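Undergrad: I would like the entire structure built from these sequences, with the hints used as guidance.
Number of protein chains: 2
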Amino acid sequence: MRGKGQWREEMDTIESWIKNKERKVTVVGGTHGNEFLGAYLVKKLEEEKYSREGLDINYELANPKAFEQGTRYVDEDLNRCFSTEYLKKAKENKGPKTYEEGLALHFYEKFKKDNIDFIIDLHTTTSNMGPTVILSHRDELSLKAADHLKKKFPELKVICDFVELEECYCLFSVAPSGLLFEFGPVPQGVLKSKQFLLMENVVKEALSFLSCLKEDDHERIDFEKGSCGYETYHVTKPVDFPRDEKGKIRGMIHPEREGLDFVPMKKGDPLFLCFDGENLNWEGETSWPIFMNEAAYYEKSTALVLTQKRD
Amino acid sequence: MRGKGQWREEMDTIESWIKNKERKVTVVGGTHGNEFLGAYLVKKLEEEKYSREGLDINYELANPKAFEQGTRYVDEDLNRCFSTEYLKKAKENKGPKTYEEGLALHFYEKFKKDNIDFIIDLHTTTSNMGPTVILSHRDELSLKAADHLKKKFPELKVICDFVELEECYCLFSVAPSGLLFEFGPVPQGVLKSKQFLLMENVVKEALSFLSCLKEDDHERIDFEKGSCGYETYHVTKPVDFPRDEKGKIRGMIHPEREGLDFVPMKKGDPLFLCFDGENLNWEGETSWPIFMNEAAYYEKSTALVLTQKRD
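Protein sequences, first through last, are from chains Z and H. Each residue of the first sequence is one higher than the last, beginning at 2 in my numbering. Each residue of the second sequence is one higher than the last, beginning at 2 in my numbering.
Incorrect hints may appear among the rest.
Copies of the same chain look alike in the list, so a pair counts if it works inside one copy or between any two.
[Unchecked claim] Listed next, the in silico SDA-like pairs over lysine to any residue satisfying Cα-Cα at most 20 angstroms (straight line): (1) K22 to R53; (2) K195 to D277; (3) K195 to G260; (4) K238 to Y170; (5) K66 to G248; (6) K152 to T237; (7) K301 to T99; (8) K66 to D76; (9) K301 to T72; (10) K195 to N129; (11) K44 to G248.
Hints are computed from structural coordinates only; laboratory data are not their basis. What you are looking at is a predicted structure, and each value in this text was computed from that prediction instead of being measured.
TA: Quick look at the structure:
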């Protein structure tokens with residue numbers, strides 16, 4: 002398990018990958034059961050036995066019961082069940098207390114037993130984020146993989162430090178390296194063919210990079226400069242909807258802001274339109290919002306997530 | 002309750018509306034708990050005590066438990082619980098067998114007791130249908146209300162005979178007249194402010210029409226010609242996704258067809274793209290598809306619904 006999101010002390014994920022004769026990759030879909038693109042894509046690739054030279058690829062439909070029900074989860078959000086503390090408690094319980102607790106222990110033990118080196122986890126969002134990749138850790142292999150994809154798919158956005166302020170709790174943080182893809186806008190419970198085809202191409206390109214990476218291919222990332230050669234977005238904090246005294250939502254993303262993920266939001270820009278007609282403007286520092294109007298974040302009291310852009 | 006969707010024998014809904022000194026209208030949102038626009042709009046209008054002269058308006062959040070959970074329904078689809086047969090069985094049961102059965106009986110009895118003349122029911126869809134209105138019956142008042150709205154909002158599409166082949170089972174079919182609005186594309190569990198504002202304007206315009214309608218305003222619809230003076234869409238049948246021998250979905254709406262609700266689909270046009278790369282073309286007569294990729298219809302084995310356009 003990885004700790005807080007500083008630059009990792011051991012930077013050897015590329016060196017060890019290059020030397021690795023058994024490069025093990027897991028591609029996961031359906032961690033959230035109503036995010037259909039990933040769920041159907043892992044089923045497709047598994048049926049096709051899609052493989053790349055030098056890779057041992059394993060495909061997983063992570064939450065089959067939630068997928069069958071067409072819901073995000075059965076009892077709790079599987080992608081929040083992988084912190085050290087959660088797993089410690091889960092191991093102490095006599096039998097899982099939730100369906101997802103059982104899944105989390107199963108996958109944690111499986112990935113550790115199988116020595117999975119790299120996890121690719123496939124998600125969709127209702128927000129207008131286009132194709133986005135989130136790094137599991139700021140390790141060199143994940144950064145270089147994102148760099149390679151960014152060159153092939155220039156529209157791809159790269160997010161580092163998604164859980165900068167707390168310990169990694171996501172499924173893909175179990176392996177030393179990994180990428181989580183978010184494709185939007187895609188409604189929950191729906192297949193969108195254009196985004197499905199793009200996701201398939203991006204995943205295949207990532208596997209191709211992981212298959213082909215050799216010592217002489219790669220230029221070392223200059224960690225001293227804190228830079229990896231391409232623009233990245235760094236999460237600062239979530240922002241809730243405006244609420245009344247009873248805690249009920251009293252406004253929505255402003256029409257002039259709706260759909261503008263990754264577009265800078267400056268002090269004074271309209272952010273929320275309240276049901277009573279009041280406009281609420283953004284009063285903080287210039288930020289680049291993401292996950293605006295993500296359906297699953299309403300229950301997490303999150304209307305959007307702020308990031309800072311680094312070139 | 003209304004029977005099969007022929008032109009109604011009694012065409013007097015306008016005459017009786019004009020004479021009516023107690024014009025009773027119910028505006029319903031949240032019949033599906035994860036369709037947020039309608040749910041939040043009825044709450045807003047109720048809090049504002051929005052009224053129009055001569056109208057007795059009642060606002061209802063139809064499925065509060067599903068809304069709280071952010072799901073379409075708790076046990077079954079409330080908007081399929083109003084057929085004569087369903088209600089007859091429900092009355093015979095000693096206590097409701099599902100949460101929605103209780104709601105259906107409650108609303109049926111309330112609407113009948115209160116002599117509700119007109120029901121407006123607010124929905125959203127994940128398909129790209131824009132603002133659409135569906136008539137509860139082909140009665141003159143509903144047709145004239147849609148005609149009025151069509152003139153004010155030319156982008157509005159009008160669908161007649163949604164349940165032409167079977168008895169009306171929808172909540173809004175309990176009253177003699179009514180309109181059901183479908184606004185798309187809106188993901189489930191999300192507020193979209195632009196569409197919210199448009200829905201608010203359309204609902205207020207409909208209430209304005211119902212408030213102001215007088216004898217001398219209106220030109221009679223020429224039912225003999227089977228025409229109501231504007232283009233309408235008439236449902237013919239639903240079309241399922243392509244499936245494998247186990248009944249699993251094996252393809253999705255084709256990229257060239259995605260988003261083209263109300264755009265005619267001709268013989269030979271691409272319709273589905275299968276996961277194995279096969280293209281499936283439309284082989285039937287020219288049709289105008291609606292509800293393409295509506296999330297809630299996956300479980301109803303419906304990828305799209307075919308209509309015929311009449312000018």
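Undergrad: Each of the hints needs a verdict: does it hold here or not?
TA: Going down the list of hints, with the structure as the test:
1. K22 to R53: within (14 angstroms within a copy, 76 angstroms between copies)
2. K195 to D277: Between copies only: 15 angstroms across chains, 38 angstroms inside a chain, cut-off 20 angstroms.
3. K195 to G260: both (18 angstroms within a copy, 11 angstroms between copies)
4. K238 to Y170: Answer is within; shortest intra-copy Cα gap is 16 angstroms, inter-copy 46 angstroms.
5. K66 to G248: between (32 angstroms within a copy, 17 angstroms between copies)
6. K152 to T237: neither (26 angstroms within a copy, 48 angstroms between copies)
7. K301 to T99: within (19 angstroms within a copy, 29 angstroms between copies)
8. K66 to D76: For K66 and D76, the Cα distance is within 20 angstroms both inside one copy (11 angstroms) and across copies (17 angstroms).
9. K301 to T72: So K301 and T72 pass the 20 angstroms test inside a copy (16 angstroms) and across (16 angstroms) alike.
10. K195 to N129: both (14 angstroms within a copy, 15 angstroms between copies)
11. K44 to G248: between (41 angstroms within a copy, 15 angstroms between copies)
Hint 6 from the earlier list is the only one contradicted by this structure; the remaining hints agree with it.
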